[in-house]
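> The lines below spell out each chain.
Number of protein chains: 2
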Amino acid sequence: MARKAAIIGGGVIGGGWAARFLLNGWNVNVFDPDPQAERKIGEVLANARASLPALSDVPLPAEGKITFCGTITEAVEGADYIQESVSERLELKHRVFAQIQQASHGVPIGSSTSGFKPSELQENAADPSVILVAHPFNPVYLLPLAEVVPSAKSDPKVIERAKEILREIGMFPLHVRKEIDAHIADRFLEAVWREALWLVKDGVATTEEIDEAIRMGFGLRWGQMGLFETYRVAGGEAGMKHFMAQFGPALKWPWTKLMDVPEFNDELVDLIAGQSDAQSGKYTIRELERIRDQNLIGFLRALKDRDWGAGKVLKEHDKMLAAKLPAPPKAEPMAMAQMQVLPGWIDYNGHMTESRYLFASSETCDNFLRLIGADMDYVKGGHSYYTAESHIMHLGEAKLGDRLTGSVQVLSADEKRLHILIRIQRGDEVVASVEQILLHVDMKAGKTCPAAPAVLSRLMPIAEAHKSLARPDSVGRHVGQRK
Amino acid sequence: MARKAAIIGGGVIGGGWAARFLLNGWNVNVFDPDPQAERKIGEVLANARASLPALSDVPLPAEGKITFCGTITEAVEGADYIQESVSERLELKHRVFAQIQQASHGVPIGSSTSGFKPSELQENAADPSVILVAHPFNPVYLLPLAEVVPSAKSDPKVIERAKEILREIGMFPLHVRKEIDAHIADRFLEAVWREALWLVKDGVATTEEIDEAIRMGFGLRWGQMGLFETYRVAGGEAGMKHFMAQFGPALKWPWTKLMDVPEFNDELVDLIAGQSDAQSGKYTIRELERIRDQNLIGFLRALKDRDWGAGKVLKEHDKMLAAKLPAPPKAEPMAMAQMQVLPGWIDYNGHMTESRYLFASSETCDNFLRLIGADMDYVKGGHSYYTAESHIMHLGEAKLGDRLTGSVQVLSADEKRLHILIRIQRGDEVVASVEQILLHVDMKAGKTCPAAPAVLSRLMPIAEAHKSLARPDSVGRHVGQRK
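Residue numbers (this note's numbering), protein chains in the order written: chain E, 10 to 492; chain P, 10 to 492.
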């Protein structure tokens with residue numbers, strides 16, 4: 010039977026928790042006196058449904074059932090886990106815990122608090138041993154971190170149970186061993202926030218400039234390695250001690266408004282270098298560099314696909330490079346595109362990934378269409394060629410760095426139809442052939458129609474000239490056909 | 010003719026600059042008195058060659074030529090741009106600039122300094138107007154950010170020329186309008202570093218725990234939006250003002266050791282809210298949420314592919330889910346992938362670009378192969394399924410933002426052959442179908458061979474269950490076949 014979570018306090022954080030539990034098959038009871046709570050949580054849930062499943066390569070369990078409850082007592086009835094996400098007011102949290110503990114016994118009660126320590130949350134509680142900090146990060150349904158902070162009064166078994174539940178809903182419970190204001194992550198966020206407020210107030214930078222300074226540089230690093238591992242790599246062969254010797258003196262410089270620093274002595278250097286060895290010593294610096302670089306490529310490619318942030322910079326750079334490329338040479342069949350197999354085109358087999366063959370073919374075909382005048386302006390005018398059907402023969406394996414040529418042979422053409430064979434070649438070797446039917450369409454009407462005379466006047470002579478070319482065996486073949 | 014950059018000071022940073030220029034077709038002269046410089050730069054260059062080209066979808070120009078020079082005079086001879094990356098000692102930098110300016114006139118001289126202001130660098134220089142800060146981030150060959158900081162003595166034309174050159178080598182020059190110790194980004198890094206040293210010293214957290222607190226949570230956010238845009242979204246419908254009202258009071262709390270804060274008044278709130286509107290106001294909060302979520306999915310999937318950081322958490326979660334899955338296959342096409350049509354997937358027709366249909370199909374097929382045990386470890390063991398042939402029917406038009414599902418129907422399977430039909434659907438509508446033959450191969454021998462028993466034991470029951478499914482019309486069809 011599905012287990013049940015009680016979410017006390019909706020909003021962006023409570024809604025995120027509800028979504029994580031629901032999408033992982035838990036039933037969820039929500040209590041929030043805000044009359045807008047159901048709508049607000051519904052919106053978070055819609056976002057989560059549209060994103061969380063994309064992270065999983067295994068079908069998620071059937072979504073749980075969400076119930077909006079009129080009282081805390083009703084909400085915590087039968088719950089296996091309770092998460093509190095009400096406003097950051099200690100007396101309010103105390104009242105909520107008191108109500109929860111009138112109806113629930115022995116069940117872990119996690120608090121989403123950013124700032125309060127568990128011992129503060131537990132004050133005057135009927136059963137302090139089950140109250141803990143489980144501090145998530147927005148968006149809760151995507152980011153794995155949950156800081157789990159116990160106090161001396163916490164029951165270690167309850168803490169372990171809570172951590173296990175968090176893992177089950179896909180989170181990473183970080184056990185914070187020593188309670189402290191704002192736990193760990195928010196101490197950094199707060200330090201950065203304070204420094205950022207100074208920079209804006211003093212007119213040094215705008216919010217946008219500050220955001221660019223983060224997301225174009227160290228922000229990309231921190232999504233995959235943290236502060237210390239990044240610096241370990243930056244220290245190069247000489248490692249963490251070298252890095253610290255180099256940057257230790259900066260602690261005495263006015264590099265931030267926030268000047269309180271611990272004494273920078275051998276003891277601190279040894280402590281950090283030792284912990285860093287324990288953390289990352291299983292990899293050499295060279296290995297860490299390669300891991301970091303591959304991670305960064307992954308991030309940057311993801312942003313490029315989405316034309317966002319650093320990905321926009323990459324797209325602009327591509328445009329600059331493309332503007333300098335020589336015009337595509339012509340031949341018979343007509344060589345329409347020159348390409349190189351880039352690292353991002355390689356699959357886990359070490360070969361050019363399947364869809365890149367069609368990508369190479371598309372590039373070739375697009376150049377051919379441009380040549381006959383079916384270019385961007387033509388498309389803006391409401392007409393285009395759409396591919397109706399393709400047949401790909403994989404005849405060889407392109408590898409990293411291979412230079413490929415894409416050529417077009419026109420098999421037949423009329424006013425509306427264009428039947429072509431594209432060959433992707435490495436030197437003389439055809440690594441793939443793609444047979445395609447393209448239809449000329451009126452895009453607005455969504456129907457085929459004759460191509461413009463200017464296009465036909467360029468296409469038809471080519472089709473005529475290609476009639477004399479031999480028809481390769483792959484043409485007219487269906488998948489799996491015996492030779 | 011290729012242009013020339015002079016790199017003064019090798020090491021990790023100077024080597025990164027050299028690599029960026031070389032791979033973008035510039036010739037590079039290096040001066041570094043370290044006898045190990047050539048080897049060290051060679052290693053950075055090897056890393057860059059293995060990663061930077063993966064970011065570009067357009068062939069990079071032919072790599073430039075690198076020359077190691079015995080003197081600064083020789084190195085800067087004929088250079089169009091000069092970058093200084095020597096140790097952070099001001100008198101050393103002054104000596105280097107003096108030597109450079111004996112041999113070079115009017116050429117921009119960027120300094121990689123983290124801490125010195127341009128006015129400090131320019132002191133006593135023969136020509137202060139061409140000396141500027143161009144502060145990069147490690148790895149220089151991948152991260153786009155370069156903080157460009159002029160002083161009052163800088164020549165605005167030289168600054169613009171330097172920014173243009175940085176753009177040409179794929180960087181994002183962030184013009185820092187007001188010089189300040191440590192520019193912008195390093196002020197944040199320094200604040201976090203100081204706080205982290207406190208946490209380690211006080212025994213609150215180890216270096217590893219701190220790194221996890223960063224990379225499992227806010228680090229992922231900061232690679233795609235910065236501090237302010239992230240908080241704007243977190244503020245929800247009520248926006249930036251609401252967020253600040255909520256978190257303003259925390260400035261009075263002991264959330265970090267670093268306590269210096271500006272006065273939190275209406276003026277500051279209005280300043281920040283106004284700048285945030287100018288920065289992000291063109292998107293609604295809902296749009297920003299979706300952009301953020303899609304970016305995070307991209308990052309998390311990239312890490313999952315690499316089994317690293319938050320990606321490891323996702324893999325563990327998949328294992329937990331898989332352990333709970335019911336085993337027996339059903340007689341229905343298996344939904345194997347969920348995708349969304351991203352801006353980078355769109356062609357000039359405004360539709361999903363042709364090769365992305367095969368990409369979607371590949372993703373679907375890869376997940377299916379993983380499901381039957383032909384996963385990364387299997388490939389590492391020397392076996393894999395290769396696609397031999399594909400037939401694509403374009404049946405509809407996917408548009409920006411469409412959510413697509415990829416499903417697999419096994420048409421037939423034996424020890425060596427796998428014949429499948431993949432449907433790419435938007436809701437119930439099939440926008441494309443892809444019929445494929447995959448062959449199981451011994452990758453080393455380059456020949457087909459029977460799949461491993463563990464794979465067949467999962468594949469064959471699915472094939473058996475799918476026998477009862479109807480065979481769609483598109484199967485066995487050749488291109489252009491009449492219906």
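In case anyone wonders, no lab produced these hints; they're calculated from the structure.
You may find that some hints are simply not true.
No distinction is drawn between identical chains; accordingly, a pair holds when it is met within one copy or between any pair of copies.
[To be verified] Straight-line C-alpha distance at most 16 Å; calculated EDC-like pairs for lysine to aspartate or glutamate:
#1 K328 <-> D314
#2 K187 <-> E217
#3 K389 <-> D451
#4 K324 <-> E86
#5 K476 <-> E52
#6 K126 <-> D190
#7 K324 <-> E72
#8 K333 <-> E177
> Where does the structure disagree with the numbered hints, that is, which hint numbers, in rising order?
4, 5 and 7
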